[in-house]
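Visitor: Residue strings, one per chain:
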Amino acid sequence: MNIIVSAKDLTKKFGSLTAVDGISFEIQEGECFGFLGPNGAGKTSTIKMIHCVSPVTSGTLIVNGMPAHIGNRALKMMAGVIPQEIALDPDLTVHENLIIFAKFFDIPKREAKKRIAELLEFIELEQKRNSKIDSLSTGMKRRLLIARALLNHPKLIVADEPTTGLDPQARHLIWQRLRQLKSQGVTLILTTQYMEEAQQLCDRIVIMHKAKILKEGVPSKLVEEEIGREVVEIRIPKEEDDKVIGQLSSFSCGHERVGDTLYFYCQDEQHLMRKLIELNLHNYLTRPATLEDVFLKLTGRSLIE
Amino acid sequence: MNLSYRIYYVFLRNLVSYKRFVIPTFLVSLIEPLFYLITFGIGMGAYIGYFGGKPYLYFLVPGVLVSSVMLSSTFECLYGTFVKIVHEKLYDSLIATPISAEDAVAGDIAWGTFRGMVSGILMMTVAIIMGVIPGSILSVLLLILLMVFIGILFASLAMIVTSFSPNFDFFNYYTELVIMPMLFFSGVFFPLDRFPAWMKTLSIFMPLTHAVNISRAIFSGEYKPGLILNFSVIFVLEAVAFYIGIKSMKKRLIK
Chain A
-10 MNIIVSAKDL TKKFGSLTAV DGISFEIQEG ECFGFLGPNG AGKTSTIKMI HCVSPVTSGT
50 LIVNGMPAHI GNRALKMMAG VIPQEIALDP DLTVHENLII FAKFFDIPKR EAKKRIAELL
110 EFIELEQKRN SKIDSLSTGM KRRLLIARAL LNHPKLIVAD EPTTGLDPQA RHLIWQRLRQ
170 LKSQGVTLIL TTQYMEEAQQ LCDRIVIMHK AKILKEGVPS KLVEEEIGRE VVEIRIPKEE
230 DDKVIGQLSS FSCGHERVGD TLYFYCQDEQ HLMRKLIELN LHNYLTRPAT LEDVFLKLTG
290 RSLIE
Chain B
175 MNLSYRIYYV FLRNLVSYKR FVIPTFLVSL IEPLFYLITF GIGMGAYIGY FGGKPYLYFL
235 VPGVLVSSVM LSSTFECLYG TFVKIVHEKL YDSLIATPIS AEDAVAGDIA WGTFRGMVSG
295 ILMMTVAIIM GVIPGSILSV LLLILLMVFI GILFASLAMI VTSFSPNFDF FNYYTELVIM
355 PMLFFSGVFF PLDRFPAWMK TLSIFMPLTH AVNISRAIFS GEYKPGLILN FSVIFVLEAV
415 AFYIGIKSMK KRLIK
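Which chain is which? The protein sequence lines are A and B, in order. Counting with the working numbering, you get residues -10 to 294 for the letters of the first sequence. Counting with the working numbering, you get residues 175 to 429 for the letters of the second sequence.
Among the clues, some could well be false.
The calculated DSS-like cross-link candidates involving lysine-lysine, where the alpha carbons are at most 30 Å apart (straight line), are [claimed, not checked]: (1) 171(A) / 263(B); (2) 193(B) / 102(A); (3) 429(B) / 201(A); (4) 199(A) / 429(B); (5) 228(B) / 398(B); (6) 425(B) / 2(A); (7) 264(A) / 210(A); (8) 424(B) / 193(B); (9) 117(A) / 263(B); (10) 424(B) / 2(A).
Just a sample of chain A residues kept apart from chain B, beta carbon distances all over 12 Å, derived [unchecked claim]: (11) 204; (12) 252; (13) 267.
Derived by calculation from the structure, the hints in this document are not laboratory data. Quick caveat: nothing in here was measured; it's all calculated off a predicted structure. Heads up, the beta-carbon is just placed ideally off N, CA and C, and yes, glycines get one too.
If we strip away everything but chain A, and leave its shape as in the complex, we get (with noise of 0.2 Å):
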């Protein structure tokens, strides 16, 4: 496998902010690697570094064998990016927003013409090819940013928060035309705060928080490693914490009290599920351990401001 991005210490600063507090990571060719983190984690500025609209304040950072920098016209030829905010042309219709995107990237008319029929099937956009941009509902038009990040057969596609503010169906649609695009041997770089969303579409995935990051890996075994296969949610009052615990640490491999609930974390429940049930307890709840769990034990469960 090739790499397609690394970065060594990467660093950005807004002033006296540091947004990004020298990081390193690889990413390989064709995968999908994915960037998570609650709001202000550094996300957003660690992609627009790699996909050259933020210049990099300090440390490496090597894109496709290049050094990513603003002026770099090649690198922005062979990326495409799907932005958090829906930065369509509202001035003009469906097909003239493609077809001014398909120039910027010197895309001769002809060609143009056939890649944006192509992509508006892709997208299940056919039937709106002539409409204005403001007729469009919210996941159209998230599906058509895709299909202008397409026009120029993008080696690298960097999708920041793809799906935010979307139905299920239309956040769907977006995951499996990702998914498509991934078996064609796209490389993806993405950012979300929707942990379903990592873990439907990322090979690996970084926990960013305040700057740095705090875990890599793959999915599947973060959430094992880190929390294991089941969470077994406890709503009692905090007087009886001691107790419980006492009764229950036995069986489990971690607990945390957060608000008014008890967690505990665990590789098999049935024997703490046989222990709650001669407990007599009430108000519990078992499912399985999710990278939400790892996300919010790595970031904390309190709210990030």
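Based on these hints, arrange chain B on the given structure of chain A.
Guide: Here is chain B on its own, set in the frame of chain A:
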């Protein structure tokens, strides 16, 4: 300065989007200077009568031509550009493609210049219909070149203001405190000869004064050596404004 032929693509994008606004913007570009021609030209002209051997309108039209270029280019690169940066996030999309921030800004300056030129040409057409005709065909062509020349200046100056403007309201400072005084103190409506000395001095520092002088000379076909100075002042100012406009906008766009 990372400029390339892609400036043209940015211009093209504006042209494609413009076709929806052609009629309203044509009307707006026409109405304001038309008011000046009618009120000052015909209304006041009736009292003033002849001016250096020609009807007052011949004095007024060349000045109004360049003023309309100034106003159109300025407004396009203030409001038009601001909407594209802040409201439509268009610039963010542009600079994620092989278009550089410099290309994007220069493309918008080119667009503002074009809008200025269109206003100027419309104005000239109205003037010709009203019977105020430039000295020769060459004058007409040179006037169009002049419109482009000063369009770049005012588009670039506006770009500098847009680069640090937090909101729309901020533009009022520039339009009311710089552009409007320029319109009235640059000898568009009456000669500067009888102004007090301080006002004459002030007018030398206004680029529109120089543009009006050139326009009047081209319109009548009577060229004087002083024009070289007028031309040089605009040229230098324009080169500086273009450079600063692009640099300061790049600072706003790339963080």
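Visitor: All hints, please: hold or fail.
Guide: Evaluation of the provided hints:
| no. | hint | result |
| --- | --- | --- |
| 1 | 171(A) / 263(B) | holds, 28 Å |
| 2 | 193(B) / 102(A) | holds, 21 Å |
| 3 | 429(B) / 201(A) | holds, 20 Å |
| 4 | 199(A) / 429(B) | holds, 19 Å |
| 5 | 228(B) / 398(B) | holds, 18 Å |
| 6 | 425(B) / 2(A) | holds, 15 Å |
| 7 | 264(A) / 210(A) | holds, 27 Å |
| 8 | 424(B) / 193(B) | holds, 28 Å |
| 9 | 117(A) / 263(B) | holds, 22 Å |
| 10 | 424(B) / 2(A) | holds, 17 Å |
| 11 | 204 | holds, 28 Å |
| 12 | 252 | holds, 39 Å |
| 13 | 267 | holds, 59 Å |
In summary, the structure agrees with every hint in the numbered list given earlier.
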